[in-house]
Each structure stands twice: as C-alpha cells, then as structure tokens.
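There are 2 protein chains.
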Amino acid sequence: MKFNHYLASDFEQFEKQFRTNFINSLTGFKSANLVGTIGSDGQTNLAIFSQVFHLGANPALIGLIVRPDTAPRHTLENIMINRYFTLNHIGIDFYKQAHQTSARYQVSEFEACNLTPEFSNRHIAPYVKESHLKIGLELAERHHLEINGTILLIGKVVEVFIPEDVIGADGYIDIEKAGSVTCSSLDSYHTTCRLSRLSYAKPDKELIEIQV
Amino acid sequence: MKFNHYLASDFEQFEKQFRTNFINSLTGFKSANLVGTIGSDGQTNLAIFSQVFHLGANPALIGLIVRPDTAPRHTLENIMINRYFTLNHIGIDFYKQAHQTSARYQVSEFEACNLTPEFSNRHIAPYVKESHLKIGLELAERHHLEINGTILLIGKVVEVFIPEDVIGADGYIDIEKAGSVTCSSLDSYHTTCRLSRLSYAKPDKELIEIQV
Numbered sequence: 287m288k289f290n291h292y293l294a295s296d297f298e299q300f301e302k303q304f305r306t307n308f309i310n311s312l313t314g315f316k317s318a319n320l321v322g323t324i325g326s327d328g329q330t331n332l333a334i335f336s337q338v339f340h341l342g343a344n345p346a347l348i349g350l351i352v353r354p355d356t357a358p359r360h361t362l363e364n365i366m367i368n369r370y371f372t373l374n375h376i377g378i379d380f381y382k383q384a385h386q387t388s389a390r391y392q393v394s395e396f397e398a399c400n401l402t403p404e405f406s407n408r409h410i411a412p413y414v415k416e417s418h419l420k421i422g423l424e425l426a427e428r429h430h431l432e433i434n435g436t437i438l439l440i441g442k443v444v445e446v447f448i449p450e451d452v453i454g455a456d457g458y459i460d461i462e463k464a465g466s467v468t469c470s471s472l473d474s475y476h477t478t479c480r481l482s483r484l485s486y487a488k489p490d491k492e493l494i495e496i497q498v
Numbered sequence: 287m288k289f290n291h292y293l294a295s296d297f298e299q300f301e302k303q304f305r306t307n308f309i310n311s312l313t314g315f316k317s318a319n320l321v322g323t324i325g326s327d328g329q330t331n332l333a334i335f336s337q338v339f340h341l342g343a344n345p346a347l348i349g350l351i352v353r354p355d356t357a358p359r360h361t362l363e364n365i366m367i368n369r370y371f372t373l374n375h376i377g378i379d380f381y382k383q384a385h386q387t388s389a390r391y392q393v394s395e396f397e398a399c400n401l402t403p404e405f406s407n408r409h410i411a412p413y414v415k416e417s418h419l420k421i422g423l424e425l426a427e428r429h430h431l432e433i434n435g436t437i438l439l440i441g442k443v444v445e446v447f448i449p450e451d452v453i454g455a456d457g458y459i460d461i462e463k464a465g466s467v468t469c470s471s472l473d474s475y476h477t478t479c480r481l482s483r484l485s486y487a488k489p490d491k492e493l494i495e496i497q498v
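As given, the protein sequences belong to chains C and R, one line each in that order.
Number 435 in my numbering belongs to position 149 of the first sequence; there are no gaps in the numbering.
Number 393 in my numbering belongs to position 107 of the second sequence; there are no gaps in the numbering.
It is worth saying that the hints were derived from the structure and are not from the lab.
From a predicted model like this one, the values you see are computed outputs, not experimental measurements.
Any given hint could turn out to be false.
Copies of the same chain look alike in the list, so a pair counts if it fits in one copy or across any two.
Unchecked claim - Simulated crosslink set (SDA-like; lysine to any residue; CA at most 20 Å straight-line):
hint, residue 1, residue 2
1, K302, V444
2, K415, L293
3, K288, P403
4, K491, G465
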C-alpha cells in the first residue's frame, strides 16, 4: 500500500472545499441523526448532525457538537430556550430528505423536506415520524470549546422509542436491522453489514462471536 | 412497526449489563479507532475508542471522550505527560485484535494483541502499522464534564498517512474502499456499503448523486 503523508502545514495550502472534505473524512464513520427542536414562536426545526456521541449509561447522557457559524444555528437557539431536543436515527428510506435539511430554509425543514413532526406528552420538542429510533433529551450541560468556538451540548435521555423486534435479550439494539445508516465525510451515506459481535475481552481468553 | 417506549426511570430498573448495551446502542454507528500512546517509562499503549469526532477543519481538530474509570486509563495518563497521541482506523483484517486491546493488560497491547508499533519523526506516540489510515495529534485542550466525570480531549492534527488511491479529486477520502470498519453498541463491528454521496443541499434545488 502506498501512503501519502500530509502535515498540518499542507492542510493550510489545500483549496477550502478540498480541505473541508478531507478533514471531515479523517475521524471515520459517523452516526447520522436528525435533531428536532422548536422555537419560542412554535416553529419546528430539523437539522442533520453527525457529531453525536455516547457519554454515559447511568445516567444516560449523549453529547452533541454544534457549530454556531453553520446552518443548524436555530438548533442551538431553540435548545437554549426550550431545554429539550430529539435525536432521530436516519433510515435508508429517507436519507436524501434528511440530507436536504442542511439547506438554509426560512420555513420549517419538516415541511420543506416532507418529513412529519410527531410529539410525545413528555416535552415540547418534535420527533420525526419517519424515523425508526427516536430519543428525547433534556439539556444538562454546555461547554464552550475555546480553540474554535464550537459548542458541546450534553443531553440527558428522558425517553426512547425503539421497534420491539430489534432489542436483544442482553440489551443490544440491532440498529442495522432497524435500518439506521452511517455517514462519512460531509455527504456520503452508507448501509452496514455486521462482521460480528465479540465477547468481552480478557487477557489470555479467546474472543467468542456473540449470536445476534 | 411496533415501538417500545422507555422512560429514564425504566433505565434505572434495567440489569446493569442490559443497560450498558442498550444505552451504548442509542447514538447510532460509531467510528472505530485505536489510540496509540507512550508512557514516561517508554511502554507503548493501545486502546480502542468509539467516541472520536470531528471538531473543525481549519485548524484540523478532533475530539475524544475518555472515561477515567474504564480500561483505557493509561491513554489519558500518557497523553497528559507526552501531549501526543495517534488515531488509527480499524480495518476489516484486524478488528478482532483491535477489540482485544480492551482487555486489562500489564504489558503493551501492541505485544499482547499482535499489532506492530510504528513511529514517525514528528512526535513520540506510536502508530499501528496494520492500520490503513493514521493520524498524529497534539493535545490542544481538555474539558472536565461535570455531570459524570468524563473528559473531553481535543487534539490538533499534526500529520496523516493515507493510501493514495482513496483520496478523491475534491478531497473526499473513501474510507469504505480503504477498509475502515464502523461499530455499534459496545462490541459489534460492521463493514459498509455506500448508498451515495449527495450534492450540497440548497432550497428548491434537486439533490444530485456525486460519483466517487
């Protein structure tokens, strides 16, 4: 395999869009979620996010990176006002509509992208009816990342909606069977194919493949 | 589709391992990387991480969540001492060895899991020779997340090594072709299959599929 070697000083010489595509590719595959919020005027908002990550199981906490300078700026405003937001896994059957939410709309992205808002009686933020795995969160902590002005929001999971046939006996959720997609770089969407689940690793013990 | 509905109060009733598998599944597909570090005694360390995410393209910044109470605790110590660490994409051909690094070893995980340390002349941290996409980072910022004591480390990318045949004309890196895997929950590994790359979204403009 022939490797190219790039230094940070090379990145500065890259054409801007080349650099954006390139650097966004580096971290590997990402989660693909729609974040649903609502404004103080009652207008729903939907934005696609790939920087969503597990922070803890007990209490159940999820982190989200928000760029104040890019399209989903309403998301941040709405969360700061209403404290609640939703995460909705992007499915194979509506990933193009999900991608389209990144355009700068004046109207609600639900309407513009032909997705359906859905509400629970627990909080004010809208879910995406078309999504197969939906998470309701309450804002718990906010961090300003000095180095480039991005913001880390931490949400506490208040409720989840999951198809009953993808929850395993040991709590593992088969998001592949549920139809969740993954994404890479800024604009590439992928389905997945399981290699295997592996047993808990211990020194001097052979790994076993777990049946799903 | 029949949905199950769970509240935060239900999570508390879950058996511990069930809860861990369940909550770790919620965020969707994750990146799968090995983090390479070296201690003040010169012992190399390798740990698998799925909470790695893009933070910015210019400067190129990557975030990493570290749980001080779980296995990769040497990673944090070593980064705080030496300031440098590496990220190495996990490939299809060594994902079981990568998973095995999560066992609690006294010796270096490179040795225990039959992976090969490799060094550049730019910094002290070890790369994984078997990996096809390698990133060298310098610690730039650290945040303590009050709510559960986890730590966010932000690294500035100092160099990358990438196979030349996976870098597109517009900077997109085809990590699927390169052989990177994705993971879900705590122990499930998946290959991917591209649905498509989509054009930049604008209101009232049809999305176009970009050739890779």
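These are the hints, each one checked on the structure:
Taking the shortest alpha-carbon separations for K302 and V444, only the inter-copy value of 18 Å comes in at or below 20 Å, while the best intra-copy value is 40 Å. Proximity of K415 and L293 under a CA criterion of 20 Å is satisfied inter-copy only: 19 Å between copies versus 45 Å inside one chain copy. With identical chains, the CA atoms of K288 and P403 are at most 20 Å apart between copies only, with a shortest distance of 18 Å across copies and 49 Å within one. Taking the closest pair of Cα atoms, K491 and G465 never come within 20 Å of each other, the shortest separation being 33 Å inside a single copy and 27 Å across copies.
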